[in-house]
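What follows is the residue order along each chain.
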Amino acid sequence: MTIAETTSLLGQPIDIREDEQLLRGEATYVADLRLPGMAHMAILGSEHAHARINGIDTSAAAAMPGVLKVATAADFAGVMPLPCIWIPGGVESHFPPHPYGLPGSRPVLSGDVVRHVGDPIAVVVAETPKQAAAAVKAIVVDYEPLPVVTRADRAIEDGAPQLHEAVPNNLNAYWTCGDKERTDRNLAEAEVVVELDLVNQRTINSPMEPRGAVGHYDQATGDYTLYASTQGPHNHRFLLAALVLGIPFNKLRVVAPTVGGSFGTKGYLYPDMPLVLLLSKELNRPVKWVDTRTGLMNSTVQGRDHRQHVVLGGTRDGRITAVRCTSYANLGAYPSTIGPGVATALMGRSITGMYDVDAAFCEVYAAFTNTVSLGAQRGSGRAEAAFLMERLVDKYATEIGVDPAAVRRQNLVPATKFPYDNGLGWTYDSGNYQENFEKALEMAGYADMAGRKAEARGRGKRLGVGIATYVAICGVGPSTRMSQEGMLGGTWESCNIRVHPTGEVAVTVGSASTGQSHETIFAQVAADQLGIDPATVRVYEADTLKAPYGQGTYGSRSYSMAGPAIALTAQKIKDKMCRAGAAMFKVPEDKVVYANGKIFAEGDEENGKTFAEMAMAMWYHWYLPQDIEPALDETTHFDPPDFNYPFGTHVAVVEIDELTGETEVVAYTAVDDAGNIGNPKIVEGQIEGSITHGLGQVLMEAAEYDDEGHLITSDLRTYALPRAADVPFFQLGKTVTPTPHNPLGAKGAGEIATVPPAAAVANAVVDALSDLGVQHIDMPITPEKVWRALNGTSGAAQ
Amino acid sequence: MKISLQVNGAPADVEAEPNELLVETLRDGLGLTGTKVGCDTGQCGTCVVQLDGKSVKSCLLLTAQAEGSEVTTIEGVGEGRELTDLQEALRAEHGTQCGFCTPGMVMSLSELVADENAAPSEPEIREWLTGNLCRCTGYHSVVRGVQRACAMRTADTAAAATAAKE
Chain A
1 MTIAETTSLL GQPIDIREDE QLLRGEATYV ADLRLPGMAH MAILGSEHAH
51 ARINGIDTSA AAAMPGVLKV ATAADFAGVM PLPCIWIPGG VESHFPPHPY
101 GLPGSRPVLS GDVVRHVGDP IAVVVAETPK QAAAAVKAIV VDYEPLPVVT
151 RADRAIEDGA PQLHEAVPNN LNAYWTCGDK ERTDRNLAEA EVVVELDLVN
201 QRTINSPMEP RGAVGHYDQA TGDYTLYAST QGPHNHRFLL AALVLGIPFN
251 KLRVVAPTVG GSFGTKGYLY PDMPLVLLLS KELNRPVKWV DTRTGLMNST
301 VQGRDHRQHV VLGGTRDGRI TAVRCTSYAN LGAYPSTIGP GVATALMGRS
351 ITGMYDVDAA FCEVYAAFTN TVSLGAQRGS GRAEAAFLME RLVDKYATEI
401 GVDPAAVRRQ NLVPATKFPY DNGLGWTYDS GNYQENFEKA LEMAGYADMA
451 GRKAEARGRG KRLGVGIATY VAICGVGPST RMSQEGMLGG TWESCNIRVH
501 PTGEVAVTVG SASTGQSHET IFAQVAADQL GIDPATVRVY EADTLKAPYG
551 QGTYGSRSYS MAGPAIALTA QKIKDKMCRA GAAMFKVPED KVVYANGKIF
601 AEGDEENGKT FAEMAMAMWY HWYLPQDIEP ALDETTHFDP PDFNYPFGTH
651 VAVVEIDELT GETEVVAYTA VDDAGNIGNP KIVEGQIEGS ITHGLGQVLM
701 EAAEYDDEGH LITSDLRTYA LPRAADVPFF QLGKTVTPTP HNPLGAKGAG
751 EIATVPPAAA VANAVVDALS DLGVQHIDMP ITPEKVWRAL NGTSGAAQ
Chain B
799 MKISLQVNGA PADVEAEPNE LLVETLRDGL GLTGTKVGCD TGQCGTCVVQ
849 LDGKSVKSCL LLTAQAEGSE VTTIEGVGEG RELTDLQEAL RAEHGTQCGF
899 CTPGMVMSLS ELVADENAAP SEPEIREWLT GNLCRCTGYH SVVRGVQRAC
949 AMRTADTAAA ATAAKE
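Line by line, the protein sequences are chains A and B.
Mapping to our numbering: the first sequence position 616 is 616, numbers consecutive.
Mapping to our numbering: the second sequence position 29 is 827, numbers consecutive.
Hints are computed from structural coordinates only; laboratory data are not their basis.
On a predicted model such as this, the values are computed, not experimentally measured, just so you know.
Where hints are given, some of them may not hold.
To be verified - Pairs of lysine-lysine, BS3-like flavour, derived with a Cα cap of 30 Å:
#1 A:Lys130 to B:Lys963
#2 A:Lys130 to A:Lys69
#3 A:Lys137 to B:Lys963
#4 A:Lys69 to A:Lys281
#5 A:Lys69 to A:Lys439
#6 A:Lys439 to A:Lys417
#7 A:Lys572 to A:Lys586
#8 A:Lys546 to A:Lys281
#9 A:Lys130 to B:Lys852
As the list claims (entries may be wrong) - Computed, partial: chain B to chain A, Cβ under 8 Å:
#10 Arg879
#11 Thr952
#12 Thr955
Said to hold, decoys possible - Counterexamples of contact, computed for chain B against chain A with all Cβ distances above 10 Å:
#13 Ala862
#14 Asn915
#15 Arg946
Where a beta carbon is used, it is the ideal one built from N, C-alpha and C, also for glycine.
Input sequences plus hints: build the corresponding full structure.
What follows is the structure in structure tokens.
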């Protein structure tokens with residue numbers, strides 16, 4: 001058979017089918033769910049960051065109006081602790097216990113000891129949310145405060161407060177990658193060595209929708225259903241059924257309704273999930289829990305939080321010979337579901353970015369502290385890596401008196417060197433870094449900055465320009481490779497395509513959108529591959545009852561993982577149609593042509609069949625050979641041969657007000673390469689959002705804990721998120737270097753542009769202040785810190 | 799206590815606690831769940847509705863304060879289920895991703911472009927949006943959506959004027 005090129009629907013900015021429903025406010029999020037007889041749960045979180053619990057008095061709460069149940073850890077003695085499934089790969093690590101010998105995370109409720117403010121201690125279920133919230137406040141806890149530690153570097157010191165019996169010195173793992181000996185030798189021999197002490201501050205992902213969960217136990221069937229704002233319903237089903245509740249997998253269904261953003265926070269197991277299920281069973285009523293913003297900030301995983309000492313060695317004429325990073329990664333009080341892997345591999349293996357460096361080494365001390373657990377945040381690990389590398393490159397360029405662009409240009413991995421082993425564990429698939437880099441510089445007008453600086457100075461502004469490049473591992477991923485990284489699970493993706501007798505198509509994938517327009521893009525892939533109208537394609541996902549197993553959305557994986565699964569499944573559909581066509585047209589299979597949704601015998605398009613006619617014929621299955629099964633229903637599980645590595649170059653131009661120290665981003669150019677792009681409208685929207693997220697980290701966002709472990713930025717008055725007036729329109733460009741690792745040539749896109757903005761802006765700020773001898777300012781770069789730098793007041797600048 | 803409101807053009811007499819927030823009445827009492835709750839402190843803007851044509855944060859208003867007022871929620875925007883020109887322009891620009899902030903954005907921006915001849919500048923649009931947080935879009939497509947809505951009207955007006963002359 002011949003499979004001709006079909007349409008070129010992929011790459012087109014077709015309209016987003018989800019948008020109309022969202023613009024009308026008709027989408028259903030967890031908080032909008034109402035089931036008959038539904039009761040409401042509230043959670044009591046610890047007031048102390050570290051304390052022994054000597055007693056809990058729930059009697060007053062139990063007597064309050066509408067209260068149906070008050071429960072503490074003692075009520076859930078038979079429930080297993082939540083597991084952790086991404087351990088630092090290849091090294092000794094220490095975790096709280098789990099009865100199956102797996103790494104444990106935390107109990108569903110803490111009984112003897114609490115380890116962070118907000119650590120769940122008790123729950124109330126009542127008739128209304130207000131009654132539940134009021135009753136929770138009436139629970140009296142007898143705390144015996146214990147010493148607190150909130151910084152990873154301090155947590156591993158002798159004599160620091162100990163969080164977990166099974167974790168000596170709070171050290172989850174000492175993890176390394178790269179060639180220590182060669183790196184140290186190169187550094188010792190280097191003509192120039194530059195160093196920085198960096199704080200990649202803790203940030204709070206802050207999706208606009210706080211998390212929520214509804215548990216529904218059906219007494220008649222014994223089935224549990226969990227509706228939750230989750231990125232990975234299938235994973236949650238497996239982990240909850242097998243490793244937490246100990247119930248048959250067959251008895252648990254997990255559904256993600258519309259999810260209001262995630263950015264890495266909603267792929268984790270949280271105590272509320274088993275709790276609503278257990279309490280629904282006990283009360284024989286659906287139980288709903290919806291978090292508040294302050295609750296989210298004290299319970300949902302947070303991001304970044306590395307303290308680093310980083311070193312770069314090179315020649316006088318601009319050749320980088322070594323990079324070394326020592327990092328103290330703060331995992332929070334408990335290992336989140338995948339937190340330890342995020343803090344080690346995603347950061348450490350990425351530190352040299354786009355550069356061809358002779359030797360590099362990274363060591364990470366991952367430690368527990370009395371803070372909220374750490375997880376992924378948009379660009380996780382890779383953003384921390386890009387920040388340290390790009391700050392080092394700028395400092396190096398200053399040190400040797402060479403333009404930062406020239407130093408970068410001199411060290412980019414040559415296009416001829418792919419696949420490129422970066423010596424830290426990643427093998428970059430494909431790239432043309434030079435083309436990408438030059439395009440960004442040209443678009444940004446990098447060559448003409450001197451005049452702009454002088455002009456700005458005349459207005460009382462200091463103009464600075466900063467460049468940051470990055471490589472962001474995406475497309476998680478190859479399951480065996482991920483197992484070597486310590487992932488306890490498969491990381492493939494799946495697709496099922498059913499062709500209905502009418503010729504309409506149902507595409508079901510294992511991923512789950514949290515706002516990435518999956519219905520549009522997956523219909524677009526299927527329609528493109530099958531040569532049919534996307535309007536006839538319906539996309540299903542995010543319900544374990546309907547969808548084939550899959551891993552959900554994270555790490556910018558959906559298009560480059562589920563997309564290929566769809567393309568491969570469409571191919572199976574086309575192959576089967578062609579086999580049936582051979583029988584119908586009475587020609588050999590290699591004489592059947594499939595083109596643009598039509599099937600015909602070569603040279604006889606006139607007597608061919610449309611896609612819909614073939615669908616109907618195969619549904620009836622009249623006079624078709626026995627070796628061709630009826631109907632069209634195919635499934636693929638796609639496990640790629642390796643990751644994919646999108647990359648890019650960003651250029652930020654800032655103006656600093658000399659009087660106030662305020663930094664304004666006045667121009668921002670981003671040239672990203674995500675391989676072949678399916679729908680530019682979706683990708684550009686994600687890139688714009690990602691850059692804004694990155695600007696938030698560098699200019700305003702910081703999760704601040706006081707010495708007693710209280711999060712003092714626990715609402716949106718004290719935790720600053722970028723607003724519309726904080727950003728200019730960005731200038732976006734792209735280069736296209738397809739990956740060889742999947743049939744669409746697609747690389748990750750959703751979060752990649754969050755990786756470089758912090759470094760680009762920090763470099764721009766330092767550039768603007770360079771004549772004052774400023775070499776670094778820690779994030780967030782607030783007006784106060786800049787003002788201090790401008791006025792030579794200590795406290796901020798190095 | 800009994801509170802009399804007009805909600806989306808129809809009278810609504812509701813029973814509300816003295817300390818009940820308007821957003822609670824709308825969501826829990828009247829089942830109008832298009833209005834969202836994203837924070838506890840009046841910062842996020844996902845709960846914006848219009849009170850007598852002015853956008854307000856319904857989490858910062860007691861239901862009792864709305865006595866006798868006309869409340870418009872996202873469910874009451876436009877004719878039936880037809881998108882308004884603002885919504886249509888936002889759709890064309892993909893001015894929504896996860897959609898959680900979107901109803902509040904639409905309600906807030908509807909006031910900005912309520913006047914047929916509204917032509918806010920880019921800084922004015924950005925300033926207007928400071929009460930609405932979005933974590934997905936970075937606001938670009940939202941700002942472009944407003945600009946597009948206004949441009950569409952100008953084009954319509956110009957076309958109408960040309961047609962009238964002919």
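Do the hints match the structure? See the list:
{"no.": "1", "hint": "A:Lys130 to B:Lys963", "result": "62 Å, violated"}
{"no.": "2", "hint": "A:Lys130 to A:Lys69", "result": "14 Å, holds"}
{"no.": "3", "hint": "A:Lys137 to B:Lys963", "result": "70 Å, violated"}
{"no.": "4", "hint": "A:Lys69 to A:Lys281", "result": "12 Å, holds"}
{"no.": "5", "hint": "A:Lys69 to A:Lys439", "result": "62 Å, violated"}
{"no.": "6", "hint": "A:Lys439 to A:Lys417", "result": "20 Å, holds"}
{"no.": "7", "hint": "A:Lys572 to A:Lys586", "result": "21 Å, holds"}
{"no.": "8", "hint": "A:Lys546 to A:Lys281", "result": "23 Å, holds"}
{"no.": "9", "hint": "A:Lys130 to B:Lys852", "result": "29 Å, holds"}
{"no.": "10", "hint": "Arg879", "result": "7 Å, holds"}
{"no.": "11", "hint": "Thr952", "result": "20 Å, violated"}
{"no.": "12", "hint": "Thr955", "result": "24 Å, violated"}
{"no.": "13", "hint": "Ala862", "result": "16 Å, holds"}
{"no.": "14", "hint": "Asn915", "result": "23 Å, holds"}
{"no.": "15", "hint": "Arg946", "result": "13 Å, holds"}
Consistency with the previously given hints fails for numbers 1, 3, 5, 11, 12, ordered from lowest to highest.
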